[in-house]
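If you want the building blocks of each chain, they are given just below.
Protein chains: 2
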Amino acid sequence: MARILITSGPTRQYLDPVRYLTNGSSGRMGAALALAVLEAGHEAVVVSGPVEVDYPLGAEVVSVVTTEEMLEAARDLFPPCDGLLGVAAPCDYCPVVFQPNKMAKTGSVQSLELTETPDILATIGAMKADRQWMVSFALETEDGRARALKKLHRKNADWIVLNGPEVICESSTQVEVLDRSGTVLAELSGTKREVARSLFELIEANLARPILDGVGQR
Amino acid sequence: MARILITSGPTRQYLDPVRYLTNGSSGRMGAALALAVLEAGHEAVVVSGPVEVDYPLGAEVVSVVTTEEMLEAARDLFPPCDGLLGVAAPCDYCPVVFQPNKMAKTGSVQSLELTETPDILATIGAMKADRQWMVSFALETEDGRARALKKLHRKNADWIVLNGPEVICESSTQVEVLDRSGTVLAELSGTKREVARSLFELIEANLARPILDGVGQR
Chain A
0 MARILITSGP TRQYLDPVRY LTNGSSGRMG AALALAVLEA GHEAVVVSGP VEVDYPLGAE
60 VVSVVTTEEM LEAARDLFPP CDGLLGVAAP CDYCPVVFQP NKMAKTGSVQ SLELTETPDI
120 LATIGAMKAD RQWMVSFALE TEDGRARALK KLHRKNADWI VLNGPEVICE SSTQVEVLDR
180 SGTVLAELSG TKREVARSLF ELIEANLARP ILDGVGQR
Chain B
0 MARILITSGP TRQYLDPVRY LTNGSSGRMG AALALAVLEA GHEAVVVSGP VEVDYPLGAE
60 VVSVVTTEEM LEAARDLFPP CDGLLGVAAP CDYCPVVFQP NKMAKTGSVQ SLELTETPDI
120 LATIGAMKAD RQWMVSFALE TEDGRARALK KLHRKNADWI VLNGPEVICE SSTQVEVLDR
180 SGTVLAELSG TKREVARSLF ELIEANLARP ILDGVGQR
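So the protein sequences, as listed, match chains A and B. For the first sequence, position 111 (counting from the first letter as 1) is numbered 110 according to numbering that gives the first Met the number 0, and the numbering increases by one without interruption. For the second sequence, position 118 (counting from the first letter as 1) is numbered 117 according to numbering that gives the first Met the number 0, and the numbering increases by one without interruption.
Hints were generated in silico from the structure; no laboratory data involved. Keep in mind that a hint or two might mislead.
Just so you know, same-sequence chains aren't split out, so a pair can sit in one copy or run between any two.
Computed list of lysine-lysine pairs in DSSO-like fashion (alpha-carbon distance at most 27 Å, straight line) [unchecked claim]: (1) Lys149 <-> Lys104; (2) Lys127 <-> Lys149; (3) Lys101 <-> Lys149; (4) Lys104 <-> Lys127.
These numbers come from a predicted model, not from an experiment.
Only chain A is shown next, with the shape it has when bound in the complex (with noise of 0.2 Å):
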């Protein structure tokens, strides 16, 4: 049995005490890829952002807002785990200066600086032992493969599941699966379940199983 942190959802960087900037991420791939790890007999650690989605009964949930939380979480939670789905879309932009209170309208232009959330799966990357596994997802507008690409070798991830704006808050998806040399491992759609499901079949089939079998060769 493995033991899989999954990262899930957006999450929030705070103006004031009302108003964040944030993304639409829903949860449904976080949860349903948490499902597929249960019913292939492993254990689903997710760490997730606030959403609405009912993750698995059998997962273990560990609810965050923020991108430094959810990287505080995932640092502390990844260490025993064999892989990680990081299927989250964390808020990449925080407010320089958080307003204690509502800002209140002048009628003018207002200027907000924002600084960069650090990158949470970078962080894991690097510190990622050989028998672990990572594998991240990037929603790409434009040039999707060649992004995709720079981020997956940014994050030292195994592969990088690439998908477009499109399906934020649907069902159904369709993702390209790339590993480190950009090679097109698969090409998968459907339900976010069964795209889910087939996603943790590939996994388990090429980068986790020679780590579960001792083999360590990658």
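Got chain A; can you put chain B on it based on the hints?
Just chain B now, with coordinates in the frame of chain A:
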């Protein structure tokens, strides 16, 4: 039978195809108010931003994403209505520039120019006929009553319902109802369903009845 318009939920203002500014409004209070309206034997028309909540069967629901869309829908739907419950939390700020492709990280601080979105209730309040009433909601983190009263007058509302950020996404709430003179007409607390029912009873007894009776003494 009266016809009541309810604006509900958050709106989103996109920076690029993936990222947006929003807030944690869940639509729960809007759904509770729609139920109270229906249970009192009236028609409920809900203009709602993206939420996961289920509006009651029998409510007409118009789904929108942005503040502009919510304004347009509310403006179209309000004229034949008897009253408006403005419980939505429209996003007040909109990026000056929309990036048509997903912004890529650059490693440096970015400046995001924000303009204020149109004030939905001020627009509706300005077109409100004598036979129509409007109750707006204010979420304040400081100086609550004074700010709420200022909002009431800016929006030309009859009453304003004041609450704090701690009620966002919760199933319970506590509110104060203020009239145009700043008098606290009621303090209500309980589940959102209970508060919605009490609030709508108060409206029916004080704001709506003179109109329904044809007295028009407001």
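Task: Numbers of unmet hints, in rising order - done: Nothing - there is no hint that the structure violates, so all of them hold.
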